[in-house]
Each structure stands twice: as structure tokens, then as C-alpha cells.
Amino acid sequence: MYKWGCDGSQQTTFKQKFLNNSDSDANIFQSLFVPLQLSCGHEKKLIWQNPLPSSPRHCRPIRIRFVKETADISKEEISYIENKINLLEPTQITQVNKKFLVKHVMMFTMVDAKVCNAATDTKSTMKCYICGATSKDFNNLSARKQINEDALKFGLSTLHAKIRLFEAVLHLAYKLPVKKWQLS
Numbered sequence: 001m002y003k004w005g006c007d008g009s010q011q012t013t014f015k016q017k018f019l020n021n022s023d024s025d026a027n028i029f030q031s032l033f034v035p036l037q038l039s040c041g042h043e044k045k046l047i048w049q050n051p052l053p054s055s056p057r058h059c060r061p062i063r064i065r066f067v068k069e070t071a072d073i074s075k076e077e078i079s080y081i082e083n084k085i086n087l088l089e090p091t092q093i094t095q096v097n098k099k100f101l102v103k104h105v106m107m108f109t110m111v112d113a114k115v116c117n118a119a120t121d122t123k124s125t126m127k128c129y130i131c132g133a134t135s136k137d138f139n140n141l142s143a144r145k146q147i148n149e150d151a152l153k154f155g156l157s158t159l160h161a162k163i164r165l166f167e168a169v170l171h172l173a174y175k176l177p178v179k180k181w182q183l184s
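Numbered by the working numbering, the letters in the sequence shown go through residues 1 to 184 in order.
Misleading hints may appear alongside valid ones.
[Said to hold, decoys possible] Taking lysine to any residue pairs in the SDA-like style, the calculated list, with each CA pair at most 25 Å apart, reads:
(1) K175 - K123
(2) K17 - I64
(3) K123 - K17
[As the list claims (entries may be wrong)] Here are the simulated distance ranges between beta carbons:
(4) K114 - V169: 22 to 32 Å
(5) A113 - P177: 34 to 44 Å
(6) K114 - L170: 47 to 57 Å
(7) R57 - Q182: 53 to 63 Å
(8) N27 - S124: 18 to 28 Å
(9) F66 - D112: 14 to 24 Å
(10) M1 - P61: 16 to 26 Å
(11) H58 - Q92: 54 to 64 Å
(12) L170 - Q95: 49 to 59 Å
(13) D150 - V96: 38 to 48 Å
Just so you know, these hints were derived from the structure itself, not from any lab. Just so it is clear, CB atoms sit at the ideal spot from N, CA and C, and this is done for glycine as well.
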């Protein structure tokens, strides 16, 4: 099992010369993957697990492009990588007259808000990419939002997590008895 994602980076050019003046490395957009675990059989017996899945140690590039990160570039890259993933064949390994088949499962979870918004066609960064709610909509606690189930593959929105966590803390606080004391 692997996680993958894409992100862009901008930097200023400082005394960098290229043969062609139109070339530049001021903008870099890359796709990366990180192996998470290797499991065996239908029981999913764990053989290896990445001890530091957020560390760059096992992070490997898939593709590096010298283009500025935009919503269109992000969507194009996601489509490109998903097409390549669909073409992946299981890897066959033969050792000591035994055949092993390694099936590659890749999850698109290494994303930031910009990529999530591009992938879900959310035009505003002030909107939640899961339900389309704005901060004003979150104030209405009784309203139930329709969620975009495809957006759940990215993980939980920090906006949702913070608001739901705060809501849970408030509900707990409401149930606590009011304590009174006297200052002397």
C-alpha cells in the first residue's frame, strides 16, 4: 500500500542561467509516493510497515515538472497519475521456486487544500471541499450538509475537524454541573 500526492513550489531565481531564456526552475510541480506497508494474503498479514510515513526518507518522486501550480495543472496531473495507476500490473517475484505476486494499492492522500479544491472543482478556498459549506454555514449547527463522498478519499478537512471537535467540547461543557465557590 502506498500514499501519493502532488504539490507545487515557487522560488525566486538567483543567478541561475539556462541556455534558453524561456526555461526556468522558478516553479516546480511534482508528484510523489511513499510506501506505507507490505502485507500478505487474504488475512493481510503485515510483513513490513513504514515506521515514519510522514518522513521524507521513503518519499519517491513520480514526476517533476517545471510549471506553476494552478487548478488546471493539478487536475491534469491527478488524471495523468490515476491513468498510470490503472495501468499498473502486479509485480511477480520468484524466489526458491515460489512465486509471489505484489499488488500495488495507491491512495491519493498526500494533498494540500489547493489540490483538494482543484480535484473537487471547489472554486473558493473559503469553502469546504467535502460539503461546500462556508464559515457562515457552519454557524447553523442544526443544518445537515450533503457531502461529496469522492472527496473523502483525501482525508478529513481540517476545517471540519476543528469545528466538529469544538462542537463536541461545547456539548461536553454544557453537560457539566456549574461549580460555585466563594473567594475569601
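- prompt: So which of the earlier hints does this model not fit?
  reply: 1, 3, 6 and 11
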